[in-house]
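Put the two chains together into one complex; each comes in its own frame, and the hints tell you how they fit.
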Amino acid sequence: MIHWVCPSCARRYSYHLPECTWCRAPLDDRVAASAEIVAITEVCVPSVGHEDVPYWCALVRACDGGQSIVKLDHPAMVGDEVPFGREAASALAIVGVVGTGVMGRGLAELLLSRGHHVVWAGRSADRLSVARDKLIERLGRVMDDEQLESVAAHLETSVDLHGLDRCAVVIEAVVENVAAKRSVLRAVESVMAPGAILATNTSGLPIEELANAIQRPERFGVLHFFNPATRMRLVETAVGSRTSPETSAFLDAFARSLGKIPVRVAAQPAFAVNRALMPLINEAVRELEEEVASAELIDEAVRLGLNHPMGPLALADLIGLDTVVNIMDNLSARTGDPTYAPRPFLRQLVAAGKLGRKSGEGFFSYESVPRAI
Amino acid sequence: MRAYIVGVGKTRFGPTSKSIAELAQEATLEALSDAGLGPDDLDALIVSNFLGGPNQRQLHLNSVVAGIFPGLHLPGWRVEAACASGGVAIHNGVLSLAKYRTVLVLGLERMSDVVGNELTRNIGMAGDAMLDQVEGLNFPASYALVTQAHMAAYGTTTRDLDLVSLKNHRNANLNPKAHFYLKHVDQRDIDAGPSVAHPLRLFDCCPVSDGASALLIASEPRGGRSIEILASAVSTDVISLSQRSTLTSFAAAKDAASRAYLEAGIRPSDVDLAEVHDCFTIAEIVAMEDLGLAKPGEAVALLRAGETALGGRMPVNPSGGLKAGGHAIGATGVSQAYEITTQLRGEAGARQVHSARIGLTHNIGGVGGTCAIHVLGVPR
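Chains as they are written, first to last, in this note's numbering: chain A, 1 to 373; chain Y, 374 to 753.
Excised from the complex, chain Y in its bound form (with noise of 0.2 angstroms):
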């Protein structure tokens, strides 16, 4: 069965005052009016989102969701795995295909409301209770101790890091919904910028956001404008580090995009340009190597030459990722898609990425615990 996304909307990433309702709405009804429909034309929701039960003591967020269509009764659901939820909850949209024929997947999340120690803690729920949090690892020490394997590997540097932190924060300058579209940063910036876990640094952190994003699937195409979902792909692996075998590589990545490509019928070499994880530098060094676009230890020459910037040969991030564009956990992996279904219609204005006919989005939860995996393509 084929999958199509018929419309997009995203509010803007950052801090806001907005409820969790009011952002809902505002992404859908973006996405409706993109796409042309009503919410009478909706066949099911799925919502996503990680945190609502520690941040704001909000679980059961379809029925929450529900509040912006009273008098409709949708088939709903939500979906929670972790950084990973919004990533998920399109894989759950494209099944759903299977019964339900226009489906709305929204991503949310408020991140703004707790600060600090308790934020910290909150986002850690998505280690081990055991094996991690009580031992304190938290997610930049354990992107830390990535980011040490990946340079005793291959002999990245903080340079290398550094060099995503640029390139995702100039994309993100030209992208309105970013959570750092009004912020320059510049290598005096990141040069300043406290340890947060050694190497990791605070421009090497994306930051916590609030947002939501809205994509309409259906298995047909509406308009000229529709993009093909043309792989879904999950998988997942042992949740703490100590349980891998390595740390410079996250097997439910590889396994997730071999499927991908399997299930597209592409190579990674026909990739055009790539929405990824960049919870943290690292991780899109360690994305690019995964998903094969690179060779093990050989991303960061793609960096260094620019390829990898808007205008290179293959742009990655050009929404600013996850780094400048903003992190609203639950909202992420929706953001993705909603980023290279923008790209893809040629309608991404000044971070547009010329004549692309094939992207991808790799959205991850945890430290490789959960990843998603899509394939998008303009229909031929």
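Chain A on its own, in the form it takes in the complex (with noise of 0.2 angstroms):
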């Protein structure tokens, strides 16, 4: 937070200006690293910029009498005290974020954004490398040069968990797999501090056969996030028979600090988002094999008549076709009904090598402008 003052009359001015409208005096920037909540209000009414609602704002006060409107993403008191710049960033947590792929670099990028520093852990140095460019290359879209360097030197990459023991909490984004998941979430656990939590970003595989891979069950749960993590506000947590209260408390917590919403699940097949989500995707391919209308029409019905931003086709196409089989599979064994299993379309498709954007083609062929196969 920043003011500019007057040296000679004291006036105090909001905007930069070379000098004080009546000494003519050039003015001195007075930097505040912190300010008291002098009134705050949640907001309930969105507009353009600030769509997501509720958000909060509080008119601040810092020591030296500078004031300032603050937005924040979590209710606050009036008296609270109000971080701002650098000091605030040192004061947060070092994480830990396992995995390269989507929701890996999402979260490495969301952390810090959010002023973590950041040990992100992957398989090979190659993968690393590759993974780290892109979110470098993607976070200098919207940062200047001075901005990008101070980021990048919060963000350490590690390919054999060195650095994970100074971690606070570590986050496993690795493939949606119990033998896999559980391998990593072993790995990891040995090399944390003792007193660490370890969340996975399962989408919904069962929490305690992963909880039975490591030591310590009650400082472990689920933050499962959504792609992509910069932007959607939702976090669905979860908790296994051991995990501890503080634990608990703290994945919602941690959640809320980094601006998202958390809502609190049981530990049941594909949590409350993937459970509603994975079974239109399947209904839609369903449509598709009965030959209610093309792919591109199903897509433009639901789209218009449920008002989702997207069609369910394309929206398995982005997720990856084999991921929608997967969870299916889980779905329908775990619950062990049938109606969860997934269209033989769907395996046809993923048979033949067809997996979506990731593939080039799915329901719909990426090579140019998307259209119907």
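These are calculated hints, taken from the structure and not from any lab test. Every residue, glycine too, gets a C-beta built ideally from N, C-alpha and C. Be aware that a few hints might be false.
[Stated by the list, open to error] Below, simulated SDA-like cross-link-like pairs (lysine to any residue); rule was C-alpha separation at most 20 angstroms, straight line:
{"#": "1", "chain 1": "A", "residue 1": "Lys358", "chain 2": "A", "residue 2": "Val302"}
{"#": "2", "chain 1": "A", "residue 1": "Lys71", "chain 2": "Y", "residue 2": "Gln616"}
{"#": "3", "chain 1": "Y", "residue 1": "Lys391", "chain 2": "Y", "residue 2": "Gly566"}
{"#": "4", "chain 1": "Y", "residue 1": "Lys391", "chain 2": "Y", "residue 2": "Gly444"}
{"#": "5", "chain 1": "A", "residue 1": "Lys71", "chain 2": "Y", "residue 2": "Leu504"}
{"#": "6", "chain 1": "A", "residue 1": "Lys71", "chain 2": "Y", "residue 2": "Asn490"}
{"#": "7", "chain 1": "A", "residue 1": "Lys71", "chain 2": "Y", "residue 2": "Met503"}
{"#": "8", "chain 1": "A", "residue 1": "Lys71", "chain 2": "Y", "residue 2": "Pro572"}
{"#": "9", "chain 1": "A", "residue 1": "Lys354", "chain 2": "A", "residue 2": "Leu288"}
[Claimed, not checked] Here are some, though not all, of the chain A residues that point toward chain Y, as calculated from beta-carbon distances under 10 angstroms:
{"#": "10", "residue": "Tyr13"}
{"#": "11", "residue": "Ser14"}
{"#": "12", "residue": "Val45"}
{"#": "13", "residue": "Ser47"}
{"#": "14", "residue": "Val48"}
{"#": "15", "residue": "Glu51"}
{"#": "16", "residue": "Trp56"}
{"#": "17", "residue": "Ile69"}
{"#": "18", "residue": "His308"}
{"#": "19", "residue": "Pro309"}
This is the structure:
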């Protein structure tokens, strides 16, 4: 927070001006590291640039008398302290991210943008280096060189899990597969500090099976972010039977500190969102099989009729058809309900290597403009 | 130099399909008829408008309004000072009597073309782009901070805010040109209203209205129905709440009020009725205190005692105010003078304030960044 003060008459200015309008003296800048909330309101009406509501607007006053309006993404009280700038960032925890896929990269970007120091662990130096370049390139679109340099200094990569021992929190975001996650969680926990918290970004695998792989299940839980992690506000949080109340509370508080809205769900297959979404996609595939309409028209109807930003088939292509098959197989196996089984046409596409956007083709082709196949 | 309101006109406030030109003509013709004048009697045109740019991509409204006077090449210009545009335009009109004899001051706004997020953003343009807008401080949020500060300083409650809303809705039910003329509002409606910016809820907020208001201002009275402008005052303050030393009062309003009382040679206790800028319920309470109609923190006592209701000692917002009469932003300040003129003439029908001789208008832009105050009186 910055203000400009006339050294001669002490008039205070909120704009960067070369001199005092009365004294014509050059103004001094006053930078405050923190300020106290004088008044705060929960804003429930959205506007352009502030679409996500509620949010909080506070009038804050620093000890030197400087005031500012501050947007917050969490409630606070009159009298609470609001930190600004670098001092705020240094107080934040070091966070580990394991995995270099889309979610791993999104999480690293989110954490860096919220001022955390990030240790990013992956299987190979090559993958990590490619993922890091991609992340820096993305950040470069919204930051100038100075900001980018400072953020890059807060990102370290690790191929041998080295550095995760300094993290207060580690989020695992490797492939959505029980065996793979169990082995990574076990390895990561073995280097972590005993008091640190380990979270998995699973979208609905059985938490007890994952917890059985580690030594300290009381410090383990689910933080399920959505893609793109920097923009999507939901985090599904879930706990196992041995998760401690402190860890449970931490999961929600940590999500909120990242500007997210945590929704607590029971550790049931696919949690709340995918349990609703995946059968919707599967049913859209069935519509295609039964020739209700073309892929384009099914998507258009659902977009317009349900006010979804994207049709279910295009969304399936974005998620990856193999992932959709995986989740539906898992749902039908764990619930014992065969209606969850992936539709035959979905399996056919996966068997033919048509996995959606990442392979260049799924329900639509992505070589140039999307079109129905 | 003396200034008189010799004719008034106003469209109904509220959503309408009428264009800017149609609204302009309707209010203008009513004012001309009221004064017994024709277009050729006009010497200048001042148009007040706030959101033509962002809402309709239409600026340069004096020239648009020239379209209702084809062939008449009036000196004219547009005035913009956010929600105080209308009051500032009247001030302009009074000043222009140094050169012109009869001036049309025309307030115009169309708000219903734009809805939701976009409209909230556009209205927010009256706040500072960097200090307020990027931090999401929209208008309800600004007044919510004012409300909280007032509650903390003086013990004002949400029930007190409800009293403003109930009173102004009752008054609007007596005003056929009010936005909520036909809407009955009771405590249950208020309690059911959703939160807008805590602690303000739906019924603490004025609606967004379409509408136009017109005044004919002249240097000499015309017939027995002319009303004298005893004072015309404008004052400005820094735009963001973060630049102010207090939230419970607007320095621009206090300054404009002291200038106006001095110019009119009256004291606050001489005011028989007032139209004040109640864009949010709290704003009426703050206005009464800034105007000296009540001491700081004591406006709610007058409200609770019913003294500002019709029939009370000093009725405030007999038209229904912005809260229930409607807020067609560029037209609002002009409409306040329409109401006081109508009241002082004794032509306000069911909402008539009896034996009123001096009335005041208080028009605020932004969160107190601009304030225009006019004192109107029955000529002696």
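Which numbered hints are broken by the structure, listed smallest first?
Numbers 1, 3, 4, 18 and 19 - these are the hints that the structure violates, sorted from lowest upward.
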